[in-house]
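> What follows is each chain in one-letter form.
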Amino acid sequence: MAKKPEQMAFDFIDIPSRSEKPRSKGLVMVLDKGMGIEQGLSLMPAAAYIDIIKLGWGTARLFSEAFIREKITLFKRHGIIVSNGGTFLEIAYQQNKIDLFFEYCHHIGIEAVEVSNGIIDISRQIKAAIIRRAASQGFFVMSEVGKKDPARDHQLSLQERVTEAKSDLDAGAQFIIIEAREGGRSLGVYDDTGALKQEMARFLAEKIGIDKIMFEAPDKSQQTQLMMLFGRDVNLGNIRPDDVIPLETLRRGIRGDTFGKLQDRHR
Amino acid sequence: MAKKPEQMAFDFIDIPSRSEKPRSKGLVMVLDKGMGIEQGLSLMPAAAYIDIIKLGWGTARLFSEAFIREKITLFKRHGIIVSNGGTFLEIAYQQNKIDLFFEYCHHIGIEAVEVSNGIIDISRQIKAAIIRRAASQGFFVMSEVGKKDPARDHQLSLQERVTEAKSDLDAGAQFIIIEAREGGRSLGVYDDTGALKQEMARFLAEKIGIDKIMFEAPDKSQQTQLMMLFGRDVNLGNIRPDDVIPLETLRRGIRGDTFGKLQDRHR
Amino acid sequence: MAKKPEQMAFDFIDIPSRSEKPRSKGLVMVLDKGMGIEQGLSLMPAAAYIDIIKLGWGTARLFSEAFIREKITLFKRHGIIVSNGGTFLEIAYQQNKIDLFFEYCHHIGIEAVEVSNGIIDISRQIKAAIIRRAASQGFFVMSEVGKKDPARDHQLSLQERVTEAKSDLDAGAQFIIIEAREGGRSLGVYDDTGALKQEMARFLAEKIGIDKIMFEAPDKSQQTQLMMLFGRDVNLGNIRPDDVIPLETLRRGIRGDTFGKLQDRHR
Chain A
1 MAKKPEQMAF
11 DFIDIPSRSE
21 KPRSKGLVMV
31 LDKGMGIEQG
41 LSLMPAAAYI
51 DIIKLGWGTA
61 RLFSEAFIRE
71 KITLFKRHGI
81 IVSNGGTFLE
91 IAYQQNKIDL
101 FFEYCHHIGI
111 EAVEVSNGII
121 DISRQIKAAI
131 IRRAASQGFF
141 VMSEVGKKDP
151 ARDHQLSLQE
161 RVTEAKSDLD
171 AGAQFIIIEA
181 REGGRSLGVY
191 DDTGALKQEM
201 ARFLAEKIGI
211 DKIMFEAPDK
221 SQQTQLMMLF
231 GRDVNLGNIR
241 PDDVIPLETL
251 RRGIRGDTFG
261 KLQDRHR
Chain B
1001 MAKKPEQMAF
1011 DFIDIPSRSE
1021 KPRSKGLVMV
1031 LDKGMGIEQG
1041 LSLMPAAAYI
1051 DIIKLGWGTA
1061 RLFSEAFIRE
1071 KITLFKRHGI
1081 IVSNGGTFLE
1091 IAYQQNKIDL
1101 FFEYCHHIGI
1111 EAVEVSNGII
1121 DISRQIKAAI
1131 IRRAASQGFF
1141 VMSEVGKKDP
1151 ARDHQLSLQE
1161 RVTEAKSDLD
1171 AGAQFIIIEA
1181 REGGRSLGVY
1191 DDTGALKQEM
1201 ARFLAEKIGI
1211 DKIMFEAPDK
1221 SQQTQLMMLF
1231 GRDVNLGNIR
1241 PDDVIPLETL
1251 RRGIRGDTFG
1261 KLQDRHR
Chain C
2001 MAKKPEQMAF
2011 DFIDIPSRSE
2021 KPRSKGLVMV
2031 LDKGMGIEQG
2041 LSLMPAAAYI
2051 DIIKLGWGTA
2061 RLFSEAFIRE
2071 KITLFKRHGI
2081 IVSNGGTFLE
2091 IAYQQNKIDL
2101 FFEYCHHIGI
2111 EAVEVSNGII
2121 DISRQIKAAI
2131 IRRAASQGFF
2141 VMSEVGKKDP
2151 ARDHQLSLQE
2161 RVTEAKSDLD
2171 AGAQFIIIEA
2181 REGGRSLGVY
2191 DDTGALKQEM
2201 ARFLAEKIGI
2211 DKIMFEAPDK
2221 SQQTQLMMLF
2231 GRDVNLGNIR
2241 PDDVIPLETL
2251 RRGIRGDTFG
2261 KLQDRHR
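Protein chains in written order, with the working numbering: chain A, 1 to 267; chain B, 1001 to 1267; chain C, 2001 to 2267.
Chain A on its own, in the form it takes in the complex:
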């Protein structure tokens, strides 16, 4: 958490090391559905394992500015970058308020911007333009590929996903988020039971580059499957606050599911 080295508990037990923040791989993005300050405080002992906290979809709109600012300040003090929810930016786009949106993000301390087209049709060109604008204003930009409606998501071909991802990266996105929502069912790389579509995940990783992808993976089984496929340092998003520590134990192989099974395949 702090800069100075801390005495860790049980530090005589050897575990694989991981890179420190700011990380370039093995990132964790937590989904905040509107947690209060006490919940936020309670999460901070796990801050070393959280790179980004996303204020999910339009939740931030329902709180006072003072509250959101207090929460962002808390997270920043622990070295965590705060992001908007993609849906929220899409709504701003629909209301012709992208500039105001970016301005307000700066104003309130949001340093990362997620650009998506999950609920509104935003063409590849316009999406790239929004990414470019965000990047030029100094935001850490993540772009999401996929639709929130399973029927519409299934119409997106693999090739279209790759083309859009490359266009977004060219425009300045740091990571491509593969949509799975809070539920992790019937979207992107997950089937109707939430199981990983390995072939699809592998294809995306090959074409886009595994270090440029962040898979939304709300369930333990999804996190485990992705680590078994891509190594412990796969980037994972939409992690529930209470699952930050369980996820990190999976990465370090100190939970039954991954014990002795992970190589550092991904580097």
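Simulated from the structure, these hints should not be mistaken for laboratory data.
C-beta atoms are modelled at their ideal positions from N, C-alpha and C, and glycine is treated no differently.
Be aware that a few hints might be false.
What the hints assert, rightly or not - Footprint (simulated), chain B over chain A, 3 or more residues, beta carbon under 8 Å:
| id | stretch |
| --- | --- |
| 1 | 8 to 21 |
| 2 | 62 to 68 |
| 3 | 82 to 95 |
| 4 | 199 to 205 |
| 5 | 216 to 223 |
Unchecked claim - Covered, in the sense of this in silico footprint (three residues per stretch, anywhere, with C-beta under 8 Å from a C-beta of chain C), are these stretches of chain B:
| id | stretch |
| --- | --- |
| 6 | 1028 to 1037 |
| 7 | 1123 to 1137 |
Since the structure of chain A is provided, determine the placement of chains B and C on it from the hints.
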């Protein structure tokens, strides 16, 4: 939360307005399974979107009076009415202690009373008498229709539900709660998978009046289906504390599930 | 929670009494997946109903010593014994650090030790030796029987489970934990849907002694089924923090699921 107008975050983004507390429609009742003070504090930034908090079933019996009083005081300070759990009142009835129960509710600050017959056979006449007594003592009265055991609940005909609901309203109940428990499966308007039985929900709404009904709806898909059917201002109960903000984003259309899909049909 | 008798809320409602801590039956062991201090504080009004909190698997390794110590101190102040996770001790065994592990547990305030062989092959004899060593050092010892991998768990015969349990008890274990993990599916006494295998549970209870068994039972339906079979005072583990109060209401028959259905069969 406070009376004075607060600067809301991202307030340049237009969202549909909703009525303020005390509301006559679009109510939210949260199920408290025994949360502690810190959890309660953490929920209070969402207090504007909570009308009632129910101390679920007999949970209050397990705490000290001082603790329950502290929790009720916290909620009241934020404009939230606290209710007993229906099961708890049924047990008081079985022990011939309804008068003591009401007296103690007054004593400890509980302002709303839920009257149910979900686990004990209480005739329509006696249920009405209990409701009348509670109303005459100044309680905000909610009545629940349905059984907690799916087998017994299925034996209740639609017409019986309506007859009981009307009897309860005549006796002074403000709302009729449609039972779904914490789980939302195989009870009332939900089938074994938790999906909404639309015909049944519509029938009850027509006969009882949608503004007089509060549907217990613990799952996001249930909340969404009910809003699609009855509009954003349908009354919803048994909401988990962590789902208060997500629910309000559904009502305002700032989450993918309801974005652009809700009319203010229900007024 | 404190020693002096407290005025309980609604204490005119009669409920079955339960033994006070330290209990010899009806124990509750909570699974801590890495909760923060505020979450811990919020749980403490329920401390009278928590006998043991287990720092799940290797989670403790990820925190500072100061943090883990603060959490243990909080729990101990409320009369709760803290235990390691079994997986963590298995990893210590694999690294030839069992002595260091016990020493560190003493150092940091962990008073209960769980000894398992769920992920590593540890022979019955060696397991017994570890139990003996822990008991001789003054730890409250619990032993777990079962594998974390369903395929391997299914290969363990009923007789092997009983033989191992008896060997562990002879070596000094106070309780035999029946493995179910956090999920409660496809392991030990639960089938793939999480339903209780009654015959198996009964067999284990007869051979090992129901008072010596602690069933991991994360789901409400599992807790209910076990109480219906063995009475309200069955020992239950891997309870989620938010389910401590709901569980105790099941034990006392003040929730619909067990109301009027439990005898004190188990004594």
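> Honestly, which of those hints from before does the structure not fit?
Violated hints (numbers, rising): 1, 4, 5 and 7; every other hint is consistent with the structure.
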